Amino acid sequence: MSDSIVLQKARQAGFSITGLTFRSQDVCPGFVFFALKGANIDGNLFIADAVKRGAAMVVSAFAPKEEYGVLYYQSDDIDRDMADAAYEFYGRPSDFMKMLGVTGTKGKTSIAYLIESILSSAGEKVGALGTVSYRVAGRKICSAPNTTPAALPLFGLLAQMKQEGCSSVVMEVSSHSLELQRVRHIWYDTAVFTNLQRDHLDFHHTFENYFLAKQKLFENLADPSNPKLNRTAVINADDPYGRRLAEAFKNRVKIVTFGIDGEADLRAENIQEFLTHTEFTVRGVKAKINLLGRHNVYNALAAWAVCAANGVAQETILRGLSALPGVPGRMERIDEGQNFFAFVDFAYTDESLQRAFKTVEPFKKGRVFVVFGCGGQRDRTKRPLMGRTACSNADYVFLTNDNPRCEDPKQIFADILEGMKGFSNYDVVPDRAEAIGRALAAAQKDDIVIVAGKGHEDYQIVGTEKRHFSDQETVRTFLRGEKHV
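If you use full-length UniProt numbering, the sequence shown closes out at 485, no skipped numbers anywhere.
Hints in this document: simulated from the structure, not taken from any laboratory.
Hints are supplied without guarantee of correctness; some may be wrong.
Stated by the list, open to error - For each label pair, taking beta carbons as the anchor points, the in silico distance ranges come out as: (1) T276 / P29: 52 to 60 Å; (2) C28 / E263: 52 to 60 Å; (3) D223 / C406: 36 to 44 Å.
What you are looking at is a predicted structure, and each value in this text was computed from that prediction instead of being measured.
A virtual CB, placed ideally from N, CA and C, is assigned to each residue, including glycine.
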C-alpha cells in the first residue's frame, strides 16, 4: 500500500504519474504539480499554467478557485505530502545508501568536503549535497540553489546517485530543511553537530527554536523506526549546545564527541598553523589539512569521527584529510604573484568574520583590509555586530553590497553603520567590484585583504535580478591588472 496519499489518489483515479514538480514551467503531461506558497512566489498563481502544460494532478493547501478539469487534492500539510510523494516516486533511494548528515551553523561545507575526500580515498563512490554544489564522485551535477534541496529535487538527486553506484551520501542538513520536512523519510546512519551561533533568526525567530530545528536531525537518528545499523551521533563537545545534545541523546544512540579545549573522544592537540596548511595530533598521531585556522581542526575532527564510525581505517582517514586541496570560498587564497595576501571567505555573520580575522592573525605582518556587506531581506540584528567586528579587527574596512535583494541598500548600510559608531577606519563603496579593487589597490607588501560574505557564490542578487558576480574572479582580474579602479 502507498505511503503517499497523493500518489494513492492518483492511482485510484487511474492516472500513471510521470513526474513531480513545484515549477509550472517544468510540467509535462502526466505530472503532479505542487502549488507551493513560498516567501516570494505563490505557486497557486501558476496552477492554470501547469494544467495547460499537461498536469494530471494539482496539490495545494488551498481550495480550488475554479474548475481546472484535473484531479485536485487539498493538502493539510503540503511539505509533508510532497516529501512522501517524492520518496515513493523515486524508489526510496536513501534506504539503499549510507546517509551522513551534517548540521550546525558553521563548518557544514568544509566537513562535508573532508568526509567526501576521505571516503573517496577509501575507494567509495560518494554523493555530496551542500551549499557549494551537488556532486557524484567529485563530478559536479549542478550548482546548489539551497544548502539542502527541496524534497522533490532532493529525492531525484538521491535516485541519480544510487543509479550511478554511490554507496554513501554526505549532505549538509540545514535548519530550514529540517523545519520544512525536506529530509523527511531520509534515515541517517551518522549525524554531525558542529556548533550553534547567531544566524537565521529571521526564519526561526528565537535561538531556542533554531536549536530545536537542528535537534530534529538527532531525533531522526535516535528514532526506533530508523532501520540503519551502527547509528552514531558525532558532536562538538566544546560547544554548549553540543554538550546539551550529547546529554539529551546519551541513552538513545551511540555518541562520539570531538573537541580541542575540553574532554572529548577525539581531541586535537599540538595545533600548528601555517600559511598553506594546518597540522595537529590526535592520540599522538599527526594529521595535516590544507585548510587554514583552528576552526578547520574542528571540521577535520568531525570528518575523522564520521569516517571512523563507518569503518574507515585510520591511515585512510589521514590520507583523505591531506588529499583535499581546499574548499571553494572558505578562506580561499588567491595568488597571482602579488606581494600581499588575498583571501575570499564566506563569512556572513559577526562570529564567522571574527574567525576569519583570527585565522590570519598568526601571519599578520602588515595591515588587514576587509571588504564586506550584509544580505538584504535577512536577519537585521547581525548587521551592527558585523560592522563593529570589522572595524575592531581590520585596519580599514570597505563596506559594500552583498546580495541586497529587494531591500534598499541604504537601509542595509544604515543598520551596519550603527555598529561602526566611534570608528573612522571605513569607507562605504556600494559597488562591490569597486570596493574589492580599492582594497587591493591599497594593499602593500605583507598586507592581508579579506573579501568576505559571498565565498563560492558566482552571482549577486539585486532586486529580483540574479547577475553573474564572483569574488574570486573579481580579485583575480584586479591582481592580473586586467581591471583598474
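Among the hints numbered above, which are violated by the structure, and what are their numbers in rising order?
none
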